[in-house]
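K.L.:
Using the sequences plus the hints, can you model the full thing?
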Amino acid sequence: MARKTRVEKYELARERLEASARWREDNGYDDLWRRMIDLYRGKHWPKTTSNEDLIAVNLAFSTINVIAPSVSVNHPKIVITPTKPEDEDRAIFVEAVVNHLWKHHDFRTPFRNAVKDFLIFGHGWIKVGWKFTEQERSISDTERDELLGEQINEADRFAVENPDLAAEVPTDEEIAANLPSSQSVVVEDQPFVERISPFDVFVDPEATTLEAAKWVAQRVVRTLDEAQGDKRYKPSVRRRLTADASISESRQNPTKDDRFVSDAERVVVWEYYDIINNTMSILADSGDEFLVDPTPMPYAYGQPFVMIRNYDVPDYFYPMGDLEALESLQEELDKTRSQLVNARKRYGRKYLYHERSFGPEGREALESEEDGRFVPVVDENKPLSEVIIPLPQIPLSPEVYNTSSIIENDINTVSGVSEYARGQMPEIRRTATEAAIVADAGNARASDKLAIVELSIGVIARRVIQVMQQFMTGEQMAHVAANSGDNLFVPYGREDIIGEYTFSVEAGSTQPINDTMRKQQAVSLLNALAPLVGTIIDPAALAKHVLQQGFGVKNPEKFLMQQQPMMPEGDPAAEGGDPSMGPPPGMGPPPGMPMGGPPGGDAFGASGGVPPELLAQMQGQMGLDLSNL
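Under the numbering used here, the residues of the sequence shown are numbered -11 to 617, in order.
If you are wondering where the hints come from, they were derived from the structure by calculation, not from laboratory data.
Beta carbons are placed, not taken as given, at the ideal position from N, Cα and C, and that holds for glycine.
Take these hints with a grain of salt, some might be off.
[As the list claims (entries may be wrong)] Cut-off 25 Å, straight-line C-alpha distance, at most; resulting in silico cross-link-like pairs (DSS-like, lysine-lysine): (1) Lys333 with Lys31; (2) Lys115 with Lys219; (3) Lys31 with Lys65; (4) Lys31 with Lys323; (5) Lys546 with Lys532.
[Unchecked claim] Pair ranges (Cβ atoms, derived): (6) His533 with Leu42: 50 to 60 Å; (7) Glu387 with Lys31: 24 to 34 Å; (8) Arg10 with Ile394: 33 to 43 Å; (9) Gly217 with Arg10: 31 to 41 Å; (10) Arg332 with Val301: 38 to 48 Å; (11) Val541 with Asp281: 57 to 67 Å; (12) Lys542 with Gly217: 44 to 54 Å; (13) Pro380 with Glu13: 49 to 59 Å; (14) Ser126 with Val61: 18 to 28 Å.
P.N.:
As structure tokens, then:
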């Protein structure tokens, strides 16, 4: 097959982008996503001139904001495992580096926004790459004097070391005249993780997964001045760029109709990634050739996008989101509530009265909403029962009120978010067992989403390290938590993070911390492992884990007793010794426990471990019965 010319490559890229846009429009994806974002924002009703009240009971918003924190609220604990034995020593440090970057470079914020997209639209996009930015700045007088001094000293040193060439050394005046007035300063030289709007990523319409796509592209809207001034673009092409009228007129970037607050002229630029040929190029809607010709992919891992997929639909590229199945139910709930409100207004209490029986003051008082107000009557010749007569009310059917509850239950069933999760107390009081079954059903769905989120974090973390291995220069600083609890900042270079590793996330580390649950789990662990303490379980290590993970103690070592040294063979104490000798102070069993310990061995007795006073402290903190320990 003959190699394509640059013109043919450009035409192919334009054809593919146009085909993808038509495919999305024909299948209604953009319209669907617009409706989903409106559903989340509470924009459930079209603009109308009707006088009727239009109520939006935004359970769609509640659903997303119940699910999102359950899968992505905390910084993840990323775990690194080397794939080769020679990388084992560096793996620990690489783990510290990637966790430091995630936290201190704030990768969490764009990732949480992508998770929100993942729930609302059915998918979210994350872009991982390297950002290098230089900026020209003026040199101050002080910096100029320092630079001048350095160059003069260098010239003098050269003249001394090379006397034959001393005549060619420039004078101080010549050096000063040639000093630059500005210098380039590196503003950014680091990896980036950013969320990309689902509306701005276009893919191969023949693919059903990103891995099967032949190409992927990102739409970037820039001001015309920015695009024409970007030195990365070919000068002859960027100068010919013109403003895209479609942006200002029809705002074809759907979710962000109001993001362009200025009147600046804008242009649509495409970053086009040809996966098959492993090339990247840039073109514009208003251009007639590449702004950047196809060049090898800038990243070793290929195209820079990570797609977070929600409910996959077989044979379809785009998955379903959590709101798509709720759309009709949300619409019906809004209509029902609006009907109730308007029915109350329409069939509220009304009265028939003789108009000539009331003066202006009486009419105003009669129409007032003030409670306990006196209404003066002008006509004294008629009894009050004939002056004003209440109209009979038309009661609403109880079924009208029940309909809202039915729809809300349907929404909870479809979304998997129970009334408990929404912070509501259900009308039907359930037993603890029934509530646990409901909670477990919701947790099963959340666990599936959590697994997807954790897998995506692992992919992103791997790419961050890969791009650092590829582009990093100089030294960076990483925060490392020492065993002593001290915070250490350790410098590192690219040679410190080389190697091949697998990336995973500690299960549940992104979920919110439930103090009560955490403490209960710690107690359960103690109870489960108590029979094994002193045999295959280290009591001090177990106590340290419980204090750290269950109670958040940063320095558990200060609570632990020192283990007693083993008695040498033949020592009377080792063979039973003097019966009058008891255990050292603080090493005896808890109050109420016999010296011989519990049947089957003492988990935390005279052999060391958690002292009784610490168990008492733990019991007080938790409000739980630890007497069985």
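K.L.:
For the pair supplied as a hint, Lys333 and Lys31, confirm whether the alpha-carbon distance does not exceed 25 Å.
P.N.:
Measuring from Cα to Cα gives roughly 23 Å; hence the hint holds.
K.L.:
Mind checking the hinted window 57 to 67 Å against the Cβ distance between Val541 and Asp281?
P.N.:
Roughly 59 Å apart at Cβ, these two residues keep to the hinted range, so it holds.
K.L.:
Does the beta carbon distance between Arg332 and Val301 stay inside 38 to 48 Å, or does it fall outside?
P.N.:
Holds, at about 42 Å.
K.L.:
Mind checking the hinted window 18 to 28 Å against the Cβ distance between Ser126 and Val61?
P.N.:
45 Å, violated
K.L.:
Going straight from one Cα to the other, do Lys31 and Lys65 come out at no more than 25 Å?
P.N.:
Cα-Cα ~37 Å, so violated.
K.L.:
Looking only at beta-carbon atoms, does the pair Lys542, Gly217 fall within the given range of 44 to 54 Å?
P.N.:
Holds, at about 51 Å.
K.L.:
Between Glu387 and Lys31, is the Cβ distance one that fits in 24 to 34 Å?
P.N.:
29 Å, holds
K.L.:
With a cut-off of 25 Å on the C-alpha distance, tell me whether Lys115 and Lys219 pass.
P.N.:
23 Å, holds
K.L.:
Has the hinted range 31 to 41 Å been met by the Cβ atoms of Gly217 and Arg10?
P.N.:
33 Å, holds
K.L.:
Does 33 to 43 Å hold as the CB distance between Arg10 and Ile394, or does it fail?
P.N.:
41 Å, holds
K.L.:
Can you tell me whether the CB distance of Pro380 to Glu13 sits inside 49 to 59 Å?
P.N.:
Given about 55 Å between the Cβ atoms, the range holds.
K.L.:
May I ask you to test the hint 50 to 60 Å on the CB atoms belonging to His533 and Leu42?
P.N.:
56 Å, holds
In this structure, the earlier hints numbered 3, 14 are contradicted, and the remaining ones agree with it.
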